[in-house]
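Enquirer: Spelled out, the chains give:
Number of protein chains: 2
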Amino acid sequence: MYRPEIKVLDCTIRDGGLMNNWNFPKPMVRELYDCLVKAGVDYVELGYRADKRQFSPKDFGPWRFCDEEDLREVAYPSDTTKISVMVDVGRTDYDSILPRDQSIVSMFRVATYAKEIDKAIHLGRHIKDLGYEVTVNIMAASHVLEIELDEALDQLAATDFDVVYLVDSFGYFYTEQIEYLAKKYLSRLKGKQVGIHCHNNQQLAFANTIEAIIHGVNYVDGSIFGMGRAAGNCTTELLLGFLKNPKFNIRPVLYLIEKYFLDLKAQLHWGYEIPYMINGILNKHPRSGLAYMKERQNGSATRSFVDFYNELVEVAEID
Amino acid sequence: MYRPEIKVLDCTIRDGGLMNNWNFPKPMVRELYDCLVKAGVDYVELGYRADKRQFSPKDFGPWRFCDEEDLREVAYPSDTTKISVMVDVGRTDYDSILPRDQSIVSMFRVATYAKEIDKAIHLGRHIKDLGYEVTVNIMAASHVLEIELDEALDQLAATDFDVVYLVDSFGYFYTEQIEYLAKKYLSRLKGKQVGIHCHNNQQLAFANTIEAIIHGVNYVDGSIFGMGRAAGNCTTELLLGFLKNPKFNIRPVLYLIEKYFLDLKAQLHWGYEIPYMINGILNKHPRSGLAYMKERQNGSATRSFVDFYNELVEVAEID
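Keeping their order, the protein sequence lines are chains A and B. Using the working numbering, read the first sequence as starting at 1144 and increasing by one per residue. Using the working numbering, read the second sequence as starting at 1144 and increasing by one per residue.
Each hint should be verified, as a subset may be incorrect.
To be verified - In silico DSSO-like links for lysine-lysine, alpha-carbon gap of 27 angstroms or less:
1. B:1402 to A:1408
2. A:1327 to A:1150
3. A:1408 to B:1437
4. B:1327 to A:1387
5. B:1258 to A:1437
6. A:1326 to B:1402
7. A:1262 to A:1390
Just so you know, these hints were derived from the structure itself, not from any lab. Keep in mind that this is a model prediction, so the values were computed, not measured.
The shape of chain A in the complex, shown without the other chains:
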């Protein structure tokens, strides 16, 4: 696939940080950023800008907050690669965002649930007015009533935000559903770019990302070796192998995997694990799978895979 409009965003530090409380050492993040520039990745998302009144910096690594000075220690402006930071609706201090010309950040991505779309638009407008590119990422699309999704998309269509993302937070969607939703987003958001962010609970993150690309989605998320919450994401290396734009180069990503991510994965166990697979099949938030994986790892688990499955099926029935 070669379409020059396609933009790859690597969200390793941001989404992967959900697995290690954003405790990535600065020298590592510096090298990661540098390699992703060399790989031709369009955006590197270096974390969240969380509200320090709600989250104590003592409890998290720096990429939970992405202070301007921390970003400048690891990243630099480049002609080819831009810096992105994510903000959560309800967890963001408006005053923590500097005017664009005082920051090396190019883009903020506003993560929201559909029901909080008004707050997301309010926050997005604030950031847009400061001069940044703005995206809105509607999380957990597999839990949204279609009528509410349509309404949210219509509201977003009326904004001047740059991109709206389809987010399969629970790794639930099959490819046919991605086709349906991608077409919906593109038609309701006429003229706006659409992005996709997939989780890999059913080993469909890469396939669903390709499917979205086929139907016109131009902003695609990947993470190195798939590092991300629970089952993780579409992998950046597979995306770079698929996209034929000669600006992309897979080698710096292979280098990073060998140097950092084999060990990290052995410690943190994101990826295709049965508890996360069960979450995905049953369209459930990954928190139950993460808690169960932790029990299994520390030896306190009393439930078998089958017990866990049965429990979630029952929860589904009374939800």
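Start from chain A and add chain B according to the hints.
Expert: Using the frame of chain A, we list chain B on its own:
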């Protein structure tokens, strides 16, 4: 997806045996078979019927040969689940195959390269005449010239064999290519069933299997926890989660994963590993990835991931 014609074949012991020389203990295979019957799987493939004049039983576990008496120790005829055995063209002793009424095997699958299709048809006819269901699995479809593939399919269309399989041995195909090939197989083999067997080098085995089902393929291969050569296969548990036929039950497969396959995977490292991913992206036989993984595991590797990638790219250029 609910289409009663869809048949799931679990090939864990056969394809997984390529990772451990078919050294699965009999009590394990007995429990596996029993659980797969309970899971509603239509066929269980218990191994290869290799020629003992070419392969010494001293060097392999019993499922390399699938002697009738070994099969009878672990499996039993059932109304819902049939036993399958694979035979390789050029590696099969015709006399080792009993008449159907003296065997508990229902189906033999003839694995062949397209260029050996005449030998495959000869072997298949012999087995069909003995009373079995016969399939022909054209391996390495991503290395076959289209004109040769078409010819092979036309020859197979003229047989009375039951199923022809599209096999992505190198985990190279994207979903669009699977659509193209599935449509070709179905139209050239008019009236015959088509099957699919995918490898997971690019995390596309499940997605490509679904794609094939959407276009009319009814015989689908899975293996438990994806156990299979190198990157492994489409997983049986994901297939059972996807297929809505109420006869399927995922729980016995979850039980087997917990009891056997977590440990096996930690030892044998099939699945998404970077050397296999590189093989897939570059459409290469997995033997180079397997050899390199072995070097990495025993500490003798001198090549980095990037070295390995560069080496295979160069091989591609002079191939």
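Enquirer: None of the hints should be skipped; say for each whether it holds.
Expert: Going down the list of hints, with the structure as the test:
| no. | hint | verdict |
| --- | --- | --- |
| 1 | B:1402 to A:1408 | holds, 22 angstroms |
| 2 | A:1327 to A:1150 | holds, 20 angstroms |
| 3 | A:1408 to B:1437 | holds, 19 angstroms |
| 4 | B:1327 to A:1387 | holds, 26 angstroms |
| 5 | B:1258 to A:1437 | violated, 51 angstroms |
| 6 | A:1326 to B:1402 | violated, 43 angstroms |
| 7 | A:1262 to A:1390 | violated, 37 angstroms |
The structure is inconsistent with the numbered hints 5, 6 and 7, although it conforms to all the rest.
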